Amino acid sequence: MAFGMERPHAAQVRDKWGWFLALGVLLLVLGLLAFLNVFLATVASVLYIGAMMLVGGAVQFAHAFQAKGWSQAIYWGASGLLYMLAGFLAFWNPALTAALFTLFMSGALLVAGAARIWVGYKMRPMKGSGWIIVGGLVTALAGIAIATGWPVNSLWVLGLFLAIDLTMQGWALIAVALAARR
Numbered sequence: 001m002a003f004g005m006e007r008p009h010a011a012q013v014r015d016k017w018g019w020f021l022a023l024g025v026l027l028l029v030l031g032l033l034a035f036l037n038v039f040l041a042t043v044a045s046v047l048y049i050g051a052m053m054l055v056g057g058a059v060q061f062a063h064a065f066q067a068k069g070w071s072q073a074i075y076w077g078a079s080g081l082l083y084m085l086a087g088f089l090a091f092w093n094p095a096l097t098a099a100l101f102t103l104f105m106s107g108a109l110l111v112a113g114a115a116r117i118w119v120g121y122k123m124r125p126m127k128g129s130g131w132i133i134v135g136g137l138v139t140a141l142a143g144i145a146i147a148t149g150w151p152v153n154s155l156w157v158l159g160l161f162l163a164i165d166l167t168m169q170g171w172a173l174i175a176v177a178l179a180a181r182r
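Each residue of the sequence shown is one higher than the one before, starting from 1 at the first, in the working numbering.
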């Protein structure tokens, strides 16, 4: 198996069930808080991504001076500067950045949905291929719904997705913890 991808033994999970439960409860609470103010959750998402882009850009820029050859140094340096510029944009204007991220997300959902529909269609003789098509339709429709509400929905879509993800991860970890405890 690939490094880090081995399956955990039931005893390992059972021994740490309390940690799974605590993390699950924490994520559930954070998810519920995000549901209470999806605008603030959107801003938090944008600032988090912006911070990661600043750090990533700084590392890429520093890496430019380690690259062999002038053309590679220019590429890495320019790439790092653009990444840092995007990170600064997230802090300078979180609403604009949220709008750009939301537009990108709607496009990504449309492409992913279309790909799933195509794969499901190609699998049609197989049982369960209809579910692939349905999943693709739901994903594509989510992309269309986000695109038709853009840019107004940019103030809450990212926060809503964060709230849903935190809540689902919280419930999942609580379920794993309670199952492991038995």
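By construction, these hints were calculated from the structure, which means they are not laboratory data.
All figures in this text were calculated on a predicted structure; none of them were measured in a lab.
Check the hints yourself; a few may be wrong.
What the hints assert, rightly or not - For each label pair, taking beta carbons as the anchor points, the in silico distance ranges come out as:
1) Leu47 / Lys127: 40 to 48 Å
2) Val25 / Tyr48: 39 to 47 Å
3) Leu81 / Lys127: 50 to 58 Å
4) Pro151 / Phe91: 45 to 53 Å
5) Ala51 / Val119: 29 to 37 Å
6) Pro125 / Arg181: 37 to 45 Å
7) Leu47 / Leu82: 14 to 22 Å
8) Ala115 / Phe91: 44 to 52 Å
9) Trp150 / Phe91: 31 to 39 Å
10) Asp15 / Trp131: 32 to 40 Å
11) Asp15 / Pro151: 47 to 55 Å
12) Ala67 / Val25: 42 to 50 Å
Beta carbons are placed, not taken as given, at the ideal position from N, Cα and C, and that holds for glycine.
Against the structure, the hints come out as follows:
1. Leu47 / Lys127: 40 to 48 Å: Given a distance of about 45 Å, which is inside 40 to 48 Å, the answer is holds.
2. Val25 / Tyr48: 39 to 47 Å: 21 Å, violated
3. Leu81 / Lys127: 50 to 58 Å: For Lys127 against Leu81, whose Cβ atoms are near 52 Å apart, the range 50 to 58 Å holds.
4. Pro151 / Phe91: 45 to 53 Å: Since Pro151 and Phe91 have Cβ atoms about 19 Å apart, the given range 45 to 53 Å is violated.
5. Ala51 / Val119: 29 to 37 Å: 35 Å, holds
6. Pro125 / Arg181: 37 to 45 Å: 43 Å, holds
7. Leu47 / Leu82: 14 to 22 Å: 19 Å Cβ-Cβ, so the 14 to 22 Å window holds.
8. Ala115 / Phe91: 44 to 52 Å: Hint violated: Cβ distance 34 Å, outside 44 to 52 Å.
9. Trp150 / Phe91: 31 to 39 Å: For Trp150 and Phe91 the Cβ distance comes to about 22 Å; the hint is violated.
10. Asp15 / Trp131: 32 to 40 Å: The hinted range 32 to 40 Å holds for Asp15 and Trp131, with Cβ atoms some 36 Å apart.
11. Asp15 / Pro151: 47 to 55 Å: For Pro151 against Asp15, whose Cβ atoms are near 49 Å apart, the range 47 to 55 Å holds.
12. Ala67 / Val25: 42 to 50 Å: 46 Å, holds
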